[in-house]
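Visitor: For the sequence shown, the working numbering gives the first residue as 4, with consecutive numbering after it.
Please keep in mind that the hints were generated in silico from the structure rather than gathered at the bench.
Hints may be right or wrong, so weigh each one.
As the list claims (entries may be wrong) - Using 30 angstroms as the maximum straight-line C-alpha spacing, the simulated BS3-like pairs for lysine-lysine come out as follows:
id, residue 1, residue 2
1, 76, 50
2, 77, 18
3, 77, 46
4, 76, 26
5, 18, 50
6, 18, 46
7, 50, 26
8, 76, 46
9, 50, 77
10, 18, 76
11, 46, 26
Claimed, not checked - Simulated restraints on C-beta separations:
id, residue 1, residue 2, range
12, 45, 77, 36 to 42 angstroms
13, 59, 37, 14 to 20 angstroms
14, 55, 85, 37 to 43 angstroms
15, 20, 87, 37 to 43 angstroms
16, 28, 50, 18 to 24 angstroms
17, 87, 56, 40 to 46 angstroms
Glycine included, each C-beta is placed from N, C-alpha and C at the ideal position.
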Amino acid sequence: MEHKCQYKYPNLVPKVYILVANKIDLVRCRAITAEEGRSIADKYDVKYIETSVGFNHNVDELLVGIVTQTRLKKISIRTNIQLQSKILLLDP
4 MEHKCQYKYP
14 NLVPKVYILV
24 ANKIDLVRCR
34 AITAEEGRSI
44 ADKYDVKYIE
54 TSVGFNHNVD
64 ELLVGIVTQT
74 RLKKISIRTN
84 IQLQSKILLL
94 DP
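Work the whole structure out from these sequences, hints included.
Guide: And the structure:
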């Protein structure tokens with residue numbers, strides 16, 4: 004489905020997933036540890052970042068990460084499409 008949407012709407016940005024732990028400045032209210040967050044991110048093969056808007060901790064890094072991951076995903080999709088088209092041309 005995503006491949007068809009990319010073909011029909013070439014400007015559609017691919018989906019990027021980043022697990023974000025927010026409000027890490029509130030240590031006593033923390034629901035999960037950093038290790039648990041990383042473990043969950045590894046399980047689902049996504050990036051993980053801890054942020055705090057109150058302390059302006061990792062906010063810029065999160066935004067840069069979103070842009071970077073989106074660009075990488077776009078390149079990956081283009082590469083896969085090019086490889087698929089080459090394979091189709093080679094098939095007798």
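Visitor: So which of those numbered hints doesn't the model satisfy?
Guide: Going through the list in order, the structure violates hints 12 and 15 and respects the others.
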